[in-house]
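**Student:** Listed below, chain by chain, are the residues.
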Amino acid sequence: MKKKTTDNPFEVLGIAKTVTLKELDRAYAQLEFTYHPDNYSSESEKFEAEEMLYKIDCAYRSAKEIIKSEPVEQGIFKNILKTEDKPVTPKAEVVIERSGGKAEILKSYICEGIRKKFFFFGEKYPSGIRTEFSGSDDEVYLYLKIKNIDRTFFDLRIEWISPFGESFQYITNRFDQFTGSFIFYCWLDLFGVKKNNLYGNWKVKIYFNQKEKIELPFKISQ
Amino acid sequence: MGNGNIVGIDFGTTNSAVALVAGNEVVIVTNNYGRLTPSIVSFVDDNEQLIGFSAKNYAALNPERTIRSVKRYMGTDKVFKINNREYTPSDIAAIIIKKLIDDAQEYIGEKVEEAIITVPAYYNDIQRNATIKAGKKAGIKVERIITEPTAAALAYGFTRTQGEESTILVYDLGGGTFDVTILKLQEGFFKVLATDGDSRLGGDDFDQKIVDFIVKRFQNEEGVDLRTNTLAMQKILETSEKIKIELSDRKTTEIMIPFIIADSNGTKNINYKITRVQFEEMIKDVISRTVPMVFNTLNAAGLEKEDIDRVILVGGSTKIPFVQKIIEMHLGKTPYKNINPDECVALGAAIAAGIKSQQIKKSIIRDVLPQPLGTDIDDDVMDVILDRNTPLPARHSKIYTTTEDFQTEISIMIYQGTSKNASENQILGEYMFSGIEKKPAKVPSIEITFKIDVNGILNVSAKDHDSGKEMDWTVKRDGFTKSLPEEDNNRKNTDFVERTGISNNDTRMRITESGNKSNLSLPPGSNFPTTTNRELQ
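Line by line, the protein sequences give chains R and X. Numbered by our numbering, the letters in the first sequence go through residues 4 to 225 in order. Numbered by our numbering, the letters in the second sequence go through residues 1467 to 2003 in order.
Pulled out of the complex, with its shape left as it was, chain R reads as follows (with noise of 0.2 Å):
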């Protein structure tokens, strides 16, 4: 068994210390997989694998923290376009990224007459779309993400025109704390859209409060 001595946080985890978090719950669970007592058949090697363990949670519990502390734009936001919030005609430039491990910028946009600085954008996996098939059913969603959107944006809808001409309104969303973001998800697989329908030219319309509207198209390719 490899044994580890040192007493670094990302050391132990054998991670950079610029990881996003969940990079950092990815090399944990690694780690627990690889060290978990029941992965070995000697007394002497099940103690020492859950000596190792007993290290890596507390290795992982430090390192969350430190990353907890450091300012967002370190780990995820790094690719992200940003403005600046200028008083007079504030304008915000929106990015629709698309990625397969490299980004791709499918389309970007600079929005007058909005109040507030915004950006929207794909962060988690690792595009603003993301389709997945798994098992028996599809199951296929866009999504996007405003950040720094300010406050009184409470009325804030969204709509999605596919290539078809179709509406979707149906819209779950949640202010996330952590990245200080609202993310707007459209659950395509309810409305019995499939995998071949998603490619072609989209449009997604933003409504501010019920007055102000922004329309921005898009193209999912395949």
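There's no promise every hint is true.
[Claimed, not checked] The calculated lysine-lysine pairs, modelled on BS3-like cross-linking and capped at a C-alpha distance of 25 Å, are: (1) K1799(X) with K208(R); (2) K49(R) with K1827(X); (3) K1917(X) with K67(R); (4) K1607(X) with K49(R); (5) K71(R) with K20(R); (6) K1905(X) with K1929(X); (7) K1547(X) with K1564(X); (8) K1771(X) with K71(R); (9) K1577(X) with K1564(X); (10) K1771(X) with K1803(X); (11) K25(R) with K1771(X); (12) K1771(X) with K1785(X); (13) K1564(X) with K1602(X); (14) K1828(X) with K49(R); (15) K49(R) with K1917(X); (16) K1734(X) with K1675(X); (17) K67(R) with K1771(X); (18) K1886(X) with K1908(X); (19) K1905(X) with K1935(X); (20) K1799(X) with K25(R); (21) K1935(X) with K1908(X); (22) K1803(X) with K1791(X); (23) K1682(X) with K1708(X); (24) K49(R) with K1822(X); (25) K1603(X) with K1822(X); (26) K1750(X) with K1771(X); (27) K1799(X) with K1750(X); (28) K1603(X) with K1577(X).
No lab work stands behind these hints, which were simulated from the structure alone.
Given chain R, put chain X in place with the hints provided.
**Tutor:** This is chain X only, laid out in the frame that chain R set:
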């Protein structure tokens, strides 16, 4: 490794099931009556007991000597007095487990020697140990206890072909217990992130609501209180369970109990209409108690509801459309339907058994501690050493000090539970640590370490940093039944039928033991307890 056969047992409040690995398949053991065995024991005489469906059928003729829902009493000191003999909950559970083992042996035509038994995730140490004891009494070796949601996740993971990482939420509402658990599934690794629950909330409460409805209406219309009539209450209880099941398929149904009582004016019948909407109204408050627990669990796992890839329903009560509706409403996600809520726990237990016997590819399960473990400090304050949702195995230490001058020994009380007052929690053990160097109060530095190993055994050790004296104890598997939540003490002396008339509120009551003052304290100047870990110091 023994060559004996190993099975997976889902010991439920209402129904139990046993499953095993046969060839490349995981199968539920069927007996003459079907795939599930009602968790009911009916004593005919000293030598004859009916178990399962036959006990259920016989129950109406023998209400005083029929025991149901024994799972609710696991780990309590409740005693069932039948035919001048006393039975503990473990004894009754053992009778049911023995029947399941017999069925499995008949099914495969070979002896079964070991079993993996599932328990609700929220079960505390005493309840888990009572379950292990029941297995032993049934004559089998309990290879390991796994939790019901973990078993359900194993069953779910087993049906998936691709090993992609996913996060699942298991909502387990059985006959008498509720659990919500969030797990992360990776290739060969099942990691529990967080769990919460209530070991006294379930489908029985829904039956009780219908019982209350019938009794109240009968009282209003006929002026007769049926609660005092054992036989009538038994009939009503049985009918209520049937009505509950019927209302899952139908919008309206009729409660029909002919000849419920007979008096000088002749016999009385019950014939009431009940709609699904009425039923939903009755159970709303019970179901809504589960919702905050779902969100607490999400919070503890550091997740939002959108992070959940699948919602899996386990337990017979999740077949109620209203339960599904509430979950969907709050989680914004349609629950996964391709898994049988009645059978997946037993199947999962069998998969765990198959892993053990190397018939199934190895998977590692990392469970969490369901309820905090700690000791009492100052004036009955519960000081947590191992917090809830700590991944197991686990080890953690804290520094404590003395409360009196020249104190040379301390008693370390070990509690499990979420109450801030130590005495309201379940006591697991009490140990005396002596050999502390004579010092003024608040000066000694005593390190107390809790360790739970991979088999779930709790080990407690204490060390005085000045004298170097060290002691350690293993918390006994047989449990420690000095004190119990008072709810159980209250119930102890009421007989079964009377008890079914009590609506089951989840009020945990205080144990009023005066002068319960600890001789243990946190070191001075520490607003926050000093947490140490040996490795990273």
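**Student:** Work down the list of hints and note, for each, if the structure agrees.
**Tutor:** Results for each hint:
About 24 Å separates the Cα atoms of K1799(X) and K208(R), which keeps this hinted pair within 25 Å; it holds. The suggested pairing of K49(R) with K1827(X) holds, with an alpha-carbon distance near 20 Å, which does not exceed 25 Å. For a cut-off of 25 Å, the pair hint linking K1917(X) to K67(R) stands: about 22 Å separates their Cα positions. Our distance criterion of 25 Å between C-alpha atoms is met by K1607(X) and K49(R), whose separation comes to about 22 Å.
For the hint linking K71(R) to K20(R), the alpha-carbon distance of about 11 Å falls within 25 Å, and the restraint holds. The straight-line distance between the Cα atoms of K1905(X) and K1929(X) is roughly 15 Å, inside the 25 Å bound, and the hint therefore holds. Straight-line distance between C-alpha atoms of K1547(X) and K1564(X) comes to about 20 Å, which keeps the hinted pair within the 25 Å bound. Under the criterion of a C-alpha separation no larger than 25 Å, the hint pairing K1771(X) with K71(R) is consistent with the structure, at around 20 Å.
A C-alpha spacing of about 12 Å is found between K1577(X) and K1564(X), which places the hinted pair at or below 25 Å, so the restraint holds. Restraint check for K1771(X) and K1803(X): the C-alpha separation of about 19 Å stays at or below 25 Å, so the hint holds. Between K25(R) and K1771(X) the alpha-carbon distance is near 16 Å, which keeps this suggested pair within the 25 Å criterion. A hinted pair counts as satisfied when its Cα atoms are at most 25 Å apart, and K1771(X) with K1785(X) qualifies at roughly 22 Å.
Taking the CA atoms of K1564(X) and K1602(X), the gap is near 10 Å; set against the 25 Å cutoff, the hint holds. Taken as a hint, the K1828(X) and K49(R) pair is honoured in the structure, with Cα atoms around 16 Å apart against an allowance of 25 Å. Of the supplied pair hints, the one linking K49(R) and K1917(X) holds, its CA atoms being roughly 15 Å apart against a limit of 25 Å. The suggested pairing of K1734(X) with K1675(X) holds, with an alpha-carbon distance near 22 Å, which does not exceed 25 Å.
A threshold of 25 Å between alpha carbons decides the hint, and for K67(R) with K1771(X) the separation of about 21 Å falls inside it, so the pair holds. Pair hint K1886(X) plus K1908(X) holds up; C-alpha atoms about 22 Å apart against a cutoff of 25 Å. The hinted pair formed by K1905(X) and K1935(X) meets the criterion: a straight-line CA distance of about 15 Å does not exceed 25 Å. Using a Cα cut-off of 25 Å, the hinted pair K1799(X) and K25(R) holds, with the two alpha carbons roughly 23 Å apart.
Proposed proximity of K1935(X) and K1908(X) is supported: the alpha carbons are some 18 Å apart, at most 25 Å. Pair hint K1803(X) plus K1791(X) holds up; C-alpha atoms about 13 Å apart against a cutoff of 25 Å. Distance hint between K1682(X) and K1708(X) is fulfilled; the C-alpha atoms sit about 19 Å from each other, no more than 25 Å. The suggested pairing of K49(R) with K1822(X) holds, with an alpha-carbon distance near 16 Å, which does not exceed 25 Å.
This hinted pair checks out: K1603(X) and K1822(X) have alpha carbons roughly 22 Å apart, not beyond 25 Å. A hinted pair counts as satisfied when its Cα atoms are at most 25 Å apart, and K1750(X) with K1771(X) qualifies at roughly 22 Å. Taking the CA atoms of K1799(X) and K1750(X), the gap is about 20 Å. The hint holds against a cut of 25 Å. The hinted pair formed by K1603(X) and K1577(X) meets the criterion: a straight-line CA distance of about 16 Å does not exceed 25 Å.
Checked against the numbered hints above, the structure breaks none of them.
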